[in-house]
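If you're matching them up, the sequences are chains X and U in order. In this text, residue positions in the first sequence follow the UniProt record's numbering: the first is 1, and each later residue adds one. In this text, residue positions in the second sequence follow the UniProt record's numbering: the first is 1, and each later residue adds one.
Honestly, the hints are just simulated from the structure, not real lab data. Treat the hints with care, as some may be off.
Estimated spans, in silico, between C-beta atoms of each pair [said to hold, decoys possible]:
1) X:124 to U:54: 21 to 31 Å
2) X:127 to U:78: 46 to 56 Å
3) X:131 to U:50: 16 to 26 Å
4) U:24 to X:61: 38 to 48 Å
5) U:64 to X:125: 42 to 52 Å
6) X:45 to U:35: 31 to 41 Å
7) X:157 to U:42: 51 to 61 Å
8) U:35 to X:57: 29 to 39 Å
9) X:91 to U:78: 28 to 38 Å
10) U:116 to X:125: 21 to 31 Å
11) U:45 to X:158: 48 to 58 Å
12) U:95 to X:127: 20 to 30 Å
Even for Gly, the Cβ is constructed at its ideal location relative to N, Cα and C.
In case you want the letters, here they are:
Protein chains: 2
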Amino acid sequence: MFGKFGMEEVPGAFGTSASFALRLGQTVFSSASLLFMCLDVDFYAYTVFCYLVTVMGLVIPWSITLLVVDAYSVFIKCLPHQRRLIFMILLGDMVLSYLSLAAACSTAGVTDLLLDADGSYCPPKLCSRYQLSAAMAFLSWFLSSASCLFNFWIFPSL
Amino acid sequence: MFGKFGMEEVPGAFGTSASFALRLGQTVFSSASLLFMCLDVDFYAYTVFCYLVTVMGLVIPWSITLLVVDAYSVFIKCLPHQRRLIFMILLGDMVLSYLSLAAACSTAGVTDLLLDADGSYCPPKLCSRYQLSAAMAFLSWFLSSASCLFNFWIFPSL
Numbered sequence: 001m002f003g004k005f006g007m008e009e010v011p012g013a014f015g016t017s018a019s020f021a022l023r024l025g026q027t028v029f030s031s032a033s034l035l036f037m038c039l040d041v042d043f044y045a046y047t048v049f050c051y052l053v054t055v056m057g058l059v060i061p062w063s064i065t066l067l068v069v070d071a072y073s074v075f076i077k078c079l080p081h082q083r084r085l086i087f088m089i090l091l092g093d094m095v096l097s098y099l100s101l102a103a104a105c106s107t108a109g110v111t112d113l114l115l116d117a118d119g120s121y122c123p124p125k126l127c128s129r130y131q132l133s134a135a136m137a138f139l140s141w142f143l144s145s146a147s148c149l150f151n152f153w154i155f156p157s158l
Numbered sequence: 001m002f003g004k005f006g007m008e009e010v011p012g013a014f015g016t017s018a019s020f021a022l023r024l025g026q027t028v029f030s031s032a033s034l035l036f037m038c039l040d041v042d043f044y045a046y047t048v049f050c051y052l053v054t055v056m057g058l059v060i061p062w063s064i065t066l067l068v069v070d071a072y073s074v075f076i077k078c079l080p081h082q083r084r085l086i087f088m089i090l091l092g093d094m095v096l097s098y099l100s101l102a103a104a105c106s107t108a109g110v111t112d113l114l115l116d117a118d119g120s121y122c123p124p125k126l127c128s129r130y131q132l133s134a135a136m137a138f139l140s141w142f143l144s145s146a147s148c149l150f151n152f153w154i155f156p157s158l
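Put together the whole structure using the sequences plus the hints.
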């Protein structure tokens, strides 16, 4: 499981097809989270929901950019692993994965509190959308943190 | 900044004095978070506060154990870096750092919501204790995640 890979062969690291799949998943889940939270919902009323929307608004362009770069690397021409490039990707992934986890957790916590408060704050239909949005943000965090770990794995050998 | 270190010389990795300092900080901050939340506060009323208390109850023994092991390694006899041992420490640190971040964020989100709700749910003195507890949990997360990253840095070379 933890054998020595060459730096090109680590699945999930930048430029591989596994990384492409991870980025695709991040794009899908973060977009779903944003849509569940935004569409027809008055999310401005709560600070944490605004925070979730802000974070997802950062994660989506980041994931799409790297999705395109990975697609280029997989299908057209393999890009070299430059130390500086991997470091920037690593840093961005780490920051965004922590931000998504923070957003997902605070959304889940607040939704739970709103559900407990005898239904006056949160009609069931709305609350289930908040929950779905938090779940999607968790999935997006999970994939983003997987990307981060795979890139971190190859980084010391560069 | 990212020169090649030998595996023994990475500051902050298992068995170094920097790691000892990190573990000490984790122990102090997680205990402070637990005490701010528990002492004279009716935290059972909210799910997320119970979650914070549970997580801190896991982080404290973990930090203390590794504090003792690091102290042994620094002051008495340098322990070897076994691959299996570092992997277990790495895994534990990663899980606990994610759990602390989740607890800190959900506590901060719920406290913010309680503060917004016209003061009826949360007297100012109580709310400031919740905030302090969340801040301490954030600091504990930060140190825990630093430990995790330093150990992850040396892991591929083992």
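Hints, verified against the model:
1. Distance hint check: the CB atoms of residue 124 of chain X and residue 54 of chain U are about 28 Å apart, consistent with the given range 21 to 31 Å.
2. For residue 127 of chain X and residue 78 of chain U, the hinted distance range of 46 to 56 Å is satisfied, since their beta carbons lie about 55 Å from each other.
3. Take residue 131 of chain X and residue 50 of chain U: their Cβ atoms lie about 19 Å apart, and the range 16 to 26 Å holds.
4. At about 40 Å, the CB distance of residue 24 of chain U to residue 61 of chain X agrees with the hint of 38 to 48 Å.
5. Take residue 64 of chain U and residue 125 of chain X: their Cβ atoms lie about 46 Å apart, and the range 42 to 52 Å holds.
6. Between residue 45 of chain X and residue 35 of chain U the C-beta distance comes to about 33 Å, which sits within the given range of 31 to 41 Å.
7. Distance hint check for residue 157 of chain X and residue 42 of chain U: the Cβ-Cβ separation is about 52 Å, which falls inside the suggested range of 51 to 61 Å.
8. The hinted range of 29 to 39 Å is satisfied by residue 35 of chain U and residue 57 of chain X, whose Cβ atoms lie roughly 37 Å apart.
9. Restraint check, residue 91 of chain X to residue 78 of chain U: a C-beta distance of roughly 32 Å satisfies the suggested window 28 to 38 Å.
10. Range check, residue 116 of chain U to residue 125 of chain X: about 23 Å between beta-carbon atoms, so the 21 to 31 Å window is met.
11. Between residue 45 of chain U and residue 158 of chain X, the C-beta spacing of about 51 Å keeps the proposed range 48 to 58 Å intact.
12. Checked against the hint of 20 to 30 Å, the C-beta distance between residue 95 of chain U and residue 127 of chain X comes to roughly 29 Å, which is consistent with it.
In summary, the structure agrees with every hint in the numbered list given earlier.
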